[in-house]
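Asker: Starting from the given sequences, assemble the full structure and let the hints guide the process.
Heads up: the sequence shown at position 5 corresponds to 495 in this note's numbering, and the numbers run straight through without jumps.
Please keep in mind that the hints were generated in silico from the structure rather than gathered at the bench.
Check the hints yourself; a few may be wrong.
Claimed, not checked - Below are the DSS-like pairs computed for lysine-lysine, each with C-alpha atoms no more than 27 Å apart in a straight line: (1) K648 x K678; (2) K678 x K646; (3) K537 x K678; (4) K646 x K541.
Unchecked claim - Computed beta-carbon distance windows for the label pairs: (5) S612 x G519: 19 to 27 Å; (6) H623 x S531: 31 to 39 Å; (7) L521 x S681: 29 to 37 Å; (8) E614 x Q667: 17 to 25 Å.
Computed from a prediction, not measured in an experiment: that's the story for all the values here.
Note that CB positions come from ideal geometry on N, CA and C, so glycine has one too.
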Amino acid sequence: MSHENPPDGVSAGIAPATDVARLCALYDGLLAPGGEPLSRSAEQELKALAKIFDLDAERSAAELWPFVRAVLVRQAPPQATSVTPPVEPRTVLLVEDDADAAADLTETLDAAGHRVVGPFHSAEAAEAATALHPIDLALLDINLSGEATGVDLARKLKSRWGVPVIFLSGDVTAAAQNAELAAAMVIKPYSGRDVLDAIARLESA
491 MSHENPPDGV SAGIAPATDV ARLCALYDGL LAPGGEPLSR SAEQELKALA
541 KIFDLDAERS AAELWPFVRA VLVRQAPPQA TSVTPPVEPR TVLLVEDDAD
591 AAADLTETLD AAGHRVVGPF HSAEAAEAAT ALHPIDLALL DINLSGEATG
641 VDLARKLKSR WGVPVIFLSG DVTAAAQNAE LAAAMVIKPY SGRDVLDAIA
691 RLESA
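Answerer: This is the structure in structure tokens:
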């Protein structure tokens, strides 16, 4: 990810819900035909957000906002909480080609009571496992070893089995461009707490 400084009140990771609401109120007019033009400061803020998320900041504000919005809405918690609420244990498919990250996240999920199928480092192996196990939720990195990507796998999981997906990725551009496939996103670098929070948000949605 880029190391640009974020606009005031917005973090490069998970943004508070109040920030997301403010940004949506400011920029959602871009989604409607004939919307009001942005002020220079508002356009600069959007361009700064685009740089944080590794998007092409040379594109117009109207082109950028749908991608930025997709990332913000899917990664922001509904409210700030200090403790992740208890969640009913789930069978979780984990697909992550970083061995250390996969091991750490498996330990975190196990400790939270979830049953982990995997971790897998390729979409092909994960798809084969999904055909053999009932899966409640999939945690997918986007850039994987093998020919298929996490996006390819997310599309199959959604269409064939109706499995909800959380993208775990530093490839924000790919995540934003395929946001319709994900119920949530956790942007790298992430902590185990970030992932558990994302799972809890799906439970409460």
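Asker: If a hint holds in the structure, say so; if it doesn't, say that too.
Answerer: Taking the hints in turn, this is what the structure says about them:
1. K648 x K678: holds, 23 Å
2. K678 x K646: holds, 23 Å
3. K537 x K678: holds, 21 Å
4. K646 x K541: violated, 30 Å
5. S612 x G519: 19 to 27 Å: violated, 42 Å
6. H623 x S531: 31 to 39 Å: Given a distance of about 51 Å, which is not inside 31 to 39 Å, the answer is violated.
7. L521 x S681: 29 to 37 Å: holds, 32 Å
8. E614 x Q667: 17 to 25 Å: For E614 and Q667 the Cβ distance comes to about 22 Å; the hint holds.
When each numbered hint is compared with the structure, violations occur for hints 4, 5, 6.
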